[in-house]
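*Asks:* Listed below are the residues making up each chain.
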Amino acid sequence: MDLFAALHLDELSHGLANLSMFPYFDMAHYIVSIMALREQPGALEVSRVSPLACWFSSMLFCFGGAVLSGIMLAEPPVAPLSNSTSVLFASIIWYLVFYCPMDLVYCCAALLPLRLVLSGMKEVTRTWKVLGGVTQAHSKYKDSLLVMIAIGWAKGAGGGLISNFEQLVRGVWKPETNELLKMSYPTKITLVGAVLFALQHTHYLPLQKHHLMLIYTVFIVVNKSRMLLTGSSTSPFAAIESAIYKTLFTGYSPYAVLTGDVTKACIDNGTTNTATSITATKESSENGAPEKRTPVSPVKGQSGSLKAKEESENTETTNCKKTN
Amino acid sequence: MDLFAALHLDELSHGLANLSMFPYFDMAHYIVSIMALREQPGALEVSRVSPLACWFSSMLFCFGGAVLSGIMLAEPPVAPLSNSTSVLFASIIWYLVFYCPMDLVYCCAALLPLRLVLSGMKEVTRTWKVLGGVTQAHSKYKDSLLVMIAIGWAKGAGGGLISNFEQLVRGVWKPETNELLKMSYPTKITLVGAVLFALQHTHYLPLQKHHLMLIYTVFIVVNKSRMLLTGSSTSPFAAIESAIYKTLFTGYSPYAVLTGDVTKACIDNGTTNTATSITATKESSENGAPEKRTPVSPVKGQSGSLKAKEESENTETTNCKKTN
Amino acid sequence: MDLFAALHLDELSHGLANLSMFPYFDMAHYIVSIMALREQPGALEVSRVSPLACWFSSMLFCFGGAVLSGIMLAEPPVAPLSNSTSVLFASIIWYLVFYCPMDLVYCCAALLPLRLVLSGMKEVTRTWKVLGGVTQAHSKYKDSLLVMIAIGWAKGAGGGLISNFEQLVRGVWKPETNELLKMSYPTKITLVGAVLFALQHTHYLPLQKHHLMLIYTVFIVVNKSRMLLTGSSTSPFAAIESAIYKTLFTGYSPYAVLTGDVTKACIDNGTTNTATSITATKESSENGAPEKRTPVSPVKGQSGSLKAKEESENTETTNCKKTN
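Protein chains in written order, with the working numbering: chain A, 1 to 324; chain B, 1 to 324; chain C, 1 to 324.
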């Protein structure tokens with residue numbers, strides 16, 4: 001590509017494509033993943049009560065993508081365990097993050113500058129994982145774009161996609177939410193990457209692989225750093241998503257009436273609703289009783305627009321807080 | 001078989017056996033399956049909140065049998081995605097059923113005459129799927145009747161058998177019920193078909209394959225049409241089931257005492273129970289709080305007879321209404 | 001090994017290693033497993049409501065290890081069904097245990113002397129299953145100790161490890177507990193066995209296979225008999241576990257403050273808490289309403305010591321009683 005040559009980026013992209021993930025980038029991935037587990041509500045208690053469940057959860061955070069893509073391709077999901085060095089590294093990091101005396105490792109790694117570097121390095125591994133998944137799927141299913149996307153996505157965002165079952169290991173069960181119902185930023189960006197790499201692999205995208213790797217890696221690293229520094233969690237695709245959503249998934253239809261009704265009903269009940277939930281929270285905090293849950297129909301009363309969707313996300317977050 | 005020759009059904013059965021499911025019958029299967037999803041409580045809201053979760057659920061409704069039998073035979077569960085044409089067809093139908101302007105497609109397909117034709121065509125695909133499963137199992141496990149039955153059943157009724165996990169995609173979790181605890185009519189008829197085709201395959205059933213295909217197909221199409229027209233959901237096997245149940249699974253036993261006690265206790269608590277649950281429902285509707293659930297022992301106080309079973313099913317339905 | 005020769009145990013261990021599990025030991029395994037299922041709360045009701053779900057649950061109790069290790073190695077999880085003789089035996093025993101007239105079979109097998117013999121024989125099959133798993137893993141993943149341990153463990157204790165999903169078949173869902181969070185004695189002893197056999201297989205443990213088989217079998221049989229006779233459920237490893245736990249997973253750390261706070265808070269709220277939960281229980285027993293559940297953070301306020309862990313286990317048991 002001429003632009004790359006003109007900007008002298010050709011060598012850079014070649015250099016990046018030949019970069020080895022092992023050991024430094026892999027270690028950054030393990031550290032950031034296990035710290036993410038530690039920051040889950042209840043994870044610290046589990047680490048005290050059952051180190052084994054905590055270790056297994058950590059391995060799912062670190063190798064979830066390999067496990068999920070293994071299951072999807074009917075390859076042994078225990079395969080990641082056979083790579084002793086990786087498991088040993090991940091286990092040592094798990095031990096240090098959870099049980100290090102004085103909690104030195106976690107406190108150091110949680111410092112913003114170090115966290116920034118580690119998160120950036122972890123994002124770099126994402127490119128390799130997505131590409132690995134797409135290549136693996138390509139070797140089994142020639143020219144099946146959908147399988148390539150699915151496997152690339154599973155490999156890159158496996159930990160998130162299997163989060164319901166990872167939580168189950170820790171005795172937590174939140175059926176009302178999953179990564180398909182409400183995608184997080186890493187899951188979204190991995191899906192975008194899987195689509196791009198699958199298109200590149202089938203030559204629908206007129207870009208060379210190492211160029212795409214450079215562009216994608218820079219984009220995710222920069223974006224992740226921006227999010228960490230500003231503390232914002234707005235997706236860079238919000239505008240595109242909203243446009244696609246409005247074009248494809250709404251429009252005049254009988255549901256407008258249906259959802260309109262529901263929305264109205266919600267607004268009508270709004271005050272009572274909030275008031276009651278405050279009381280409920282107060283009560284449950286007073287008596288320490290287990291919280292009630294909504295197992296079915298987690299989503300109620302959204303009107304068919306993104307705004308309503310966002311509102312519902314806020315409501316859901318509130319619910320989560322109550323539930324946790 | 002002489003009877004078939006006498007009735008000039010030999011050619012008809014040969015013609016049926018050579019019928020191609022693609023594209024018309026497959027499309028009918030997709031339409032009816034996705035309409036069944038749309039009629040699930042909460043599905044419309046999910047389709048507005050997360051089109052991706054809705055699409056994934058639809059694919060599980062359409063290809064659930066292939067996914068489940070793939071997992072059971074350690075073949076890649078993503079394989080159905082590699083058949084681009086089928087996935088494209090199913091996705092277009094998913095889009096039209098859920099998001100068509102003016103809701104034209106759903107309204108048309110829901111008209112009784114069209115629905116009757118589509119449901120009939122969908123039932124025809126069941127024969128092919130069960131037979132495909134039995135053949136696939138036979139090629140891997142020669143002469144293992146049980147594996148053939150299991151794979152034939154999984155392939156024909158996969159969507160129902162994995163319904164707990166399909167619901168999880170939509171954020172719904174109903175552990176207290178599944179297709180094994182309380183089989184629906186399609187699951188039952190598919191099991192019967194799987195048994196018949198497995199017996200035919202191992203030559204225990206002295207019938208030719210195309211004759212059995214004709215008989216089974218006619219039976220399920222006629223029965224489905226009858227059920228749609230009369231609105232009844234009584235199984236044609238109710239009498240046989242009841243007889244088998246009474247012969248094999250009851251009789252004088254210490255449990256009679258046990259279950260009798262439970263039943264009595266239930267009757268004693270009946271009035272209070274109902275009264276309270278009405279209050280509970282009222283309260284929960286007032287404050288919009290998440291409902292309570294019974295995760296364990298969904299079945300309480302059945303006496304050891306089919307009558308009690310039916311009553312319990314009613315109770316369960318009531319519970320479901322409360323839970324939803 | 002000289003000690004074995006001196007004690008004339010060489011021949012005994014050879015004899016044991018050549019012992020065939022089929023049919024007597026396998027049958028003992030089926031009987032004890034299915035009796036364990038029958039003693040689960042709610043299992044008898046399920047056996048009356050849905051014999052099929054009960055049968056499927058029984059098969060998971062009998063062949064859970066083979067199913068789980070099959071999934072982990074990407075081998076067909078239906079494979080156990082292809083062994084018709086075993087399935088037939090297990091099915092006959094399932095029928096006799098659940099539906100035998102006068103409940104003769106269960107009552108006989110539940111008599112202490114017979115139960116003792118059957119449980120001892122079942123424990124013998126554990127050695128063979130663990131060894132089978134380790135060998136199977138070794139043939140696929142040379143020298144990967146972790147995979148050998150995982151597969152040996154899965155094969156020997158599969159029924160327990162998949163208990164959450166086995167329960168789901170019966171309509172029971174208890175996400176707040178699993179065998180990783182709170183290991184039962186059979187799961188622990190199987191893990192120890194898997195570690196030993198994996199070490200022997202990779203020659204880290206200087207013992208011959210048949211000698212290790214003899215030692216391990218005698219240990220688990222004697223221990224099981226002791227537990228049955230004394231009714232105690234204390235693990236023989238409690239002291240070692242506690243030592244390992246105190247050495248590795250505690251120590252001065254910021255959590256001490258955190259968990260201390262939580263513990264204090266718990267103590268402070270103790271009276272109110274208990275009072276409220278009594279009220280809650282009373283209410284729920286009055287109105288027969290489904291109980292509330294703790295889906296998240298099953299473990300609250302443990303201080304970082306085994307004592308606290310044991311206390312929490314008691315609390316959990318109390319919760320279970322309430323939940324059931």
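Bear in mind the hints are in silico, worked out from the structure with no lab data behind them. Certain hints may be false.
Calculated cross-link-like contacts (lysine-lysine; reagent style BS3-like; alpha-carbon spacing at most 30 Å) [unchecked claim]:
1. C:K142 x C:K188
2. C:K140 x A:K142
3. A:K140 x B:K140
4. A:K140 x C:K140
Keep in mind it's a predicted model, so treat the numbers as computed, not measured.
*Asks:* Give a verdict on every hint.
*Replies:* Evaluated hints:
no. : hint            : in the structure
1   : C:K142 x C:K188 : 25 Å, holds
2   : C:K140 x A:K142 : 27 Å, holds
3   : A:K140 x B:K140 : 21 Å, holds
4   : A:K140 x C:K140 : 21 Å, holds
Consistency with the previously given hints is maintained throughout, with no hint failing.
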